[in-house]
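J.: The primary structure of each chain is shown beneath.
2 protein chains.
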Amino acid sequence: MKTRFVLIHTSHAGNVGATARAMKVMGFGDLVLVAPRWANVLRREETIQRASGALDVLNQARIVATLDEALDGMTHLCATAMTPRDFGPPTRAPREHFAALLGAPDSLLKKELLAPAGHGLEADLASKPEGVAFLFGSERFGMQNEDVYRCHVALSIPTDPNFGSLNLAAAVQLIAYDWREALGGFAVQPATPEPQLADAAAVAGMLAHWEQSLADIGFLDPASPKKLMPRLNQLFNRAGLSPEEIHILRGVAKAMRQKAVQAAAKNTAPADTPARP
Amino acid sequence: MKTRFVLIHTSHAGNVGATARAMKVMGFGDLVLVAPRWANVLRREETIQRASGALDVLNQARIVATLDEALDGMTHLCATAMTPRDFGPPTRAPREHFAALLGAPDSLLKKELLAPAGHGLEADLASKPEGVAFLFGSERFGMQNEDVYRCHVALSIPTDPNFGSLNLAAAVQLIAYDWREALGGFAVQPATPEPQLADAAAVAGMLAHWEQSLADIGFLDPASPKKLMPRLNQLFNRAGLSPEEIHILRGVAKAMRQKAVQAAAKNTAPADTPARP
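Protein sequence lines, in the order shown, are assigned to chains P and A.
For what it's worth, my numbering labels the leading residue of the first sequence as 12, then goes sequentially.
For what it's worth, my numbering labels the leading residue of the second sequence as 12, then goes sequentially.
Just so you know, these hints were derived from the structure itself, not from any lab.
If a hint is listed, it holds; no wrong ones were tucked in.
Which copy is meant is left open, so a pair is good if it fits within one copy or across any two.
Result set (SDA-like, lysine to any residue): computed pairs, CA atoms no more than 25 angstroms apart in a straight line:
no., residue 1, residue 2
1, K139, S253
2, K13, T77
3, K13, A193
4, K139, L208
5, K270, P236
6, K13, R249
Hey, can you work out the whole structure from these sequences and the hints?
T.: Here is the structure:
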């Protein structure tokens, strides 16, 4: 399946560069500009600065004069439009539309989506599209009606009804993210190795160690223990201790006990008074 | 539940403005800057330009000297960090983490998420957090280790392993979007009224009209109709016709028939030859 991002009549060079970067972090590279304000927009300083290394996307990008020339090979056209229209393709949130388009495993979702609409989506479901194009209008005026009419769907990113002013490159970033996730997504690289959990026996052994030491230092009264140990047990259960942390906590218990023993020895033989005669 | 975005040691004014805008479109307004590069960053021209109307977020934003001062009232701290670390909180994709944190209806997902990790997440599930803070490091160096260590989770936005260079404000936009969606999301305002579907009887009536007209214009041979009408029936089923479209298609059939009748009349009485003697 091919994916293309089409910017129509874009006026800010920075947005073109930021769009290239937003596409590339999500693994997309096919960018077409329809009649941008600046003919040399792909080589402008601001474009290159905001692209921040996504230069291959800029280098491969095409500039064309009309939307027709931008759509070769594309079979499913997604408008991104905010302005209400009296007529046009169905309006959908991107995440739900992509799930329906690609055949989400959750068939309930699909039914829910398709029941009220029925227009166009069944066709997509019958056969997954070979080429999906995302069309973005100009910063100031959005998409023209005649361009929206060509599309299979109008994607609307769910924003605060009181402030829907999404930056163009931010919109590209969100659509690229949702589309990449719908296509299966990239794996998150765990920065730290997944920790192992200590088993219940190890936790119980550590708690017994602590119980003894807390008595040694005089915090726990064995004659009236109350709920102290069960409370600590619950705390450590929630934390999910690793074997290494059991080791640390046993070290703390050991040190408490040693200090208690030292203190007891001092009480019977204070350091400033030689024990020997 | 309170939500706060915390930018630590941010150096580009444009990113502060774009962050305010990214937050506001997703309905968030609590922004704290920890020791930004420019003390007057909230009033710089580039900040205000890129905020594009999200001035209330800038006006309410606080600048503080240390991370400690930024975290009052926050009970769940999310680092956003890309650099691998040998130690620290578990790394999670935002969408999955938010579902677990808020108690996703899909308990299978939750189990899957928690089984391998177990660290910290159970605690969050036991009681939903009162304040969630998202921490973002500087553009060049990301977050410092000691700041990451304080966090409950390290969120990693799934990006192309070959190009993970996400712009700071773009990262804020994606996190704000995923978090808003996890919190229930904003409704998508349908730009067009949901179309009604024509019922099967209306479709069959229109097709009968077309069958007649297609014969009239000589495209359909009634003696050998082949699969033409069933094919058109399938095509219109996939399109999901509205009553208005039935009306249009019947108009087309009617016009075809009229033209066929005119042509037949012309054939018997050519215009350039007066019919009368």
